[in-house]
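Respectively, the protein sequence lines represent chains U, G and E. All letters in the first sequence, in the order written, are residues 232 to 598 by the numbering used here. All letters in the second sequence, in the order written, are residues 3 to 261 by the numbering used here. All letters in the third sequence, in the order written, are residues -19 to 294 by the numbering used here.
Note that these hints are calculated values from the structure, not bench results. C-beta: ideal position from N, C-alpha, C; glycine also. Worth double-checking, as some hints may not be accurate.
Subject to a maximum C-alpha distance of 30 Å in a straight line, what follows is the list of computed DSS-like cross-link-like pairs (lysine-lysine) [unchecked claim]: (1) G:K121 to G:K198; (2) G:K242 to G:K10; (3) E:K87 to G:K20; (4) U:K591 to E:K86; (5) U:K338 to E:K87.
Chain E residues, not near chain G, derived (Cβ > 10 Å throughout) [said to hold, decoys possible]: (6) V27; (7) R43; (8) L55; (9) K86; (10) L98; (11) M118; (12) A180; (13) S239; (14) A281.
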Amino acid sequence: MSTPANDPRAAAQHEAEIHLTAGQLPGYIGPAVFVVALVVSATVLGLLGAFGWIATVLLAVIGFLVAMFALSTAVEGRRRAVDRIARYLILGTFLLALAPLLSLLFKVASEGIIRFDVTYFTSTKRNVIGAGGGAAHAIIGTLITTGMATVFSVPVGLLTAIYLVEYGKGWMKRVITFLVDVMTGIPSIVAGLFAYSLISLMVGHGSKSGLAGALALSVLMIPYVVRNSEEIIRLVPDKLREASYGLGVSKWRTIVKVVLPTSVSGIVSGVVLAIARIIGETAPLLITMGFTASMTTNPLPTGGSNMVNPMTSLPVFVFYEYTRPGRPQEAFLDRAWTGALVLVLIVMVLNLIGRWVARKYAPKINR
Amino acid sequence: MAKRMELKNLNIFYGDFKAVENVSMVIEPRSVTAFIGPSGCGKSTVLRSLDRMLELTSGARVEGQVLLDEQDIYAPRVDPVRVRQQIGMVFQQPNPFPTMSIRDNVLAGIQLNSRRMPKARKDEIVERSLKGANLWNEVKDRLNAPGNGLSGGQQQRLCIARAIAIQPEVLLMDEPCSALDPVSTLAVEDLIHELKENYTVVIVTHNMQQASRVSDKTGFFNIKGTGTPGRLIEFDATEKIFTNPSEQDTERYITGQFG
Amino acid sequence: MSDDIRSIETVDESLMADHGNVGDAAFRGISTGSGGIIMVILAAVAVFLIAQAAPAITTGDPRYGNLWGYVAPYLFGTIWISFLALLIAVPVSVGIALYISHYAPKKLATPVAFVVDLLAAVPSIVFGLWGITTLAPMLVPAHQWLTEYLGFIPLFSGTASGTGRTMLTASLVLAIMVLPIITSLTREVFLRTPKLQEEASLALGATKWEMIRQVVLPFGRSGIVAASMLGLGRALGETMAVAMVLSGGRMISPRLLTSENPNTIAANIALGFAEADSGGVHRLIATGLVLFAITIVVNMAGRLITGGPRKESR
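Just need the whole structure built from these sequences, with the hints factored in.
Here is the structure:
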């Protein structure tokens, strides 16, 4: 072994060796520094007369990071300090995303609960000038349009997925795959404009109806159904198909009797999630369905005059109640918030159902 | 460099499962120590515990002591990052960083500690490390080519160059040749011979001929049955292990009766 | 005896050449036709939009000149707000994705991912309501502070909005909305980082963060870019949240904190459609066509970067 004295590298190594058991900040120091930073920040801002929650937390976070970096550099070294700050920042991003979600859910729940009553679900806004009334017509409108969109989209989407997995090849498969991608990216407002243009040209200018809304929603829903179903059907192992062919079963019967039953839970889950995605759509319905205070159950553009048969959906109802309130304003805002609460609940429940179906009824495929 | 390692009553757990029981041994500096034994006997687990890579597996836990010269690397307040700077590791699959050039791969460890090193010094390290890994002549004209464009054997030697660039005290090798063809294997084995002049080398291998070719001392690990912990059955000079083992299990293993 | 006969009959039936084939051909026809419907729908979207937009494209309007003159401010607003939203959302998304993939304890990772997915599930109208009633008022002091102390920076210049319904607030809401998309895509990419590469880095004595910089981020770079493009596509087309939160008009101004902001194409359509006269409707549809074209380009770019089609959200 070369002597450390005349080998600078060995000397450096020797130094590193001492540092193998380098300093380490105790675990409680992080929370402790954060509390101190909060107190200092609140005090400073208070003395300046500029106290505010956001400002306090923001200042505290900055102070915390600076203090921890300095402390950690001194005790643990620069590299450990950087690692520590990176860890805090990454945890911070998650909390940063959590904050608006919690704030939003709290706001929607606390404001929405005020009118979350039986009347809200049983009566319309027909002849309601101030308080009272409900959104029954809007809820029914949403159910009708979403239901129609689902009826249009599921067969087309599912069969397209079957085509892409089981039959498609060559240019047509590539083109359709590409177009499904394009469709996924269509902004919802553009889908609304399309449905409006289509109905306008076919029925008459300015026509508004539930059908037009359902068409717009279908344009948005079809690509989701295709994608979800395609992904699931692709998971069905080829050996199942081959086993079926081996028994002399024709291809279409194999698809219907083997492939689809195997993937049915995934397909159902995908459809439920797709519904959850479109049921809160507002923009396209704002353009295509018009707005009414009364119950409309006929989605066709024929009932009313001039081919206008407006139908209200819940999101549009929320939008107008909030943006065009009458007197007393509170009554309108409360109705808007309850609508928002109902929407959020519907979407959450659909999401949970979707996930639950996928997990509960998933066939055990050996991948 | 080149330090002695000593394992004292090492027990290793994965959750509640005891994977390795009561291993004690001394690994001499500037020598090659081989760990052999059937699959699942815990030899790789022991190896990974020597530079604290094991704790990256969730639930893995180590009891006992691992001394690097006099320091216990499992003592409280020891920073695993610093341990790994002194104890390098080469893996079963060659794993150069695909996004880096050959040169940057070699410097990957250096750059963590001393960012602002003069270029000449870096060039020197690259050349020394690649020469140390017997790769210099093959790649000196394309140091800026991507590291994963090399052949498997070259990639593995690049990984060795990367590991020795930071001048570790100990070099751990986890079946370094199992993914290589025979020619590359020979090249790496030759390299291991040379490496022991400067480093303490510990190698895990499935290949008994390899152990007998490259190592000075050999440890034989075994398990009694599935679900039981692995133990160090015998640890002795390689020659002794392969010619006249003291334990019957060792003899049965090296004569190919099981494993 | 009778069993035998029946089985012979079945065999015969299935051997009859056209029997299975008729079903097969029909089924193949139906599913291929469904694929065809997709083509028809998209062609229809383009054709009908162009047909309805045509009057506005061909004839100008004395107030705005040609279509370009009309749409330019909205186009600016759309791109500017989306850019700002991405500027905020991308680093945060990458952070969350890293948290889920590399930092969170195993038991926590799934619930955390679920929480982020919940954000994606909230309808945009609800984001709009929350933005205008909660976030905007909350940010008013920040607006005043920024204009007062950092007003020398052009972006922060001007009189602070008293309502908080500004570019800053709206782009924050938009950022929150695109966050889940970018997060879920980058998370997938980070999770695919080869374990061997990570171990190689750690074995060299890298800290966790150094390992992430050395291995995970380079590996995920194209994934991050692609995810950002898809997030951008979403941001460009987002309508209701912007329509409600942003107090926008027809102008070009990069200022973030004033009450005079450029509106976006989508929000302008949503807000103006009900009251528009026939010429106005054509004009709005024409702007929708412009928006459609941009989002297609952005989405395609995102998909090209990922190296193929497929792979989105969830």
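Structure-based check of all given hints:
Distance hint between K121 of chain G and K198 of chain G is fulfilled; the C-alpha atoms sit about 29 Å from each other, no more than 30 Å. For the suggested pair K242 of chain G and K10 of chain G, the alpha carbons sit about 23 Å apart, so the restraint of at most 30 Å is met. Simply put, K87 of chain E and K20 of chain G have alpha-carbon atoms about 23 Å apart, close enough for the 30 Å limit, and the pair holds. Restraint check: the Cα-Cα separation between K591 of chain U and K86 of chain E comes to about 22 Å, which is no more than 30 Å; the hinted pair holds.
Distance hint between K338 of chain U and K87 of chain E is fulfilled; the C-alpha atoms sit about 29 Å from each other, no more than 30 Å. With a cut of 10 Å on Cβ distances, V27 of chain E stays outside the contact zone with chain G, its closest approach being about 46 Å. In this structure R43 of chain E is separated from chain G by more than 10 Å, as the shortest Cβ-Cβ distance comes to about 54 Å. For L55 of chain E, the requirement that its beta carbon stay farther than 10 Å from each beta carbon of chain G is met, with the minimum near 37 Å.
Separation of K86 of chain E from chain G is inadequate, the least Cβ-Cβ distance of about 6 Å not exceeding the 10 Å criterion. With a closest Cβ-Cβ approach of about 26 Å to chain G, L98 of chain E is found to remain outside the 10 Å limit, as its non-interface label requires. With a least CB separation of 40 Å from chain G, M118 of chain E remains clear of the 10 Å interface cut-off, as annotated. Separation of A180 of chain E from chain G is inadequate, the least Cβ-Cβ distance of about 4 Å not exceeding the 10 Å criterion.
Distance check on S239 of chain E: its Cβ is at least 47 Å (rounded) from any Cβ of chain G, clearing the 10 Å threshold; non-interface status holds. The non-interface label for A281 of chain E is consistent with chain G: the shortest C-beta to C-beta separation is roughly 22 Å, beyond 10 Å.
Going down the numbered hints, you'll see the structure goes against 9 and 12, while the others check out.
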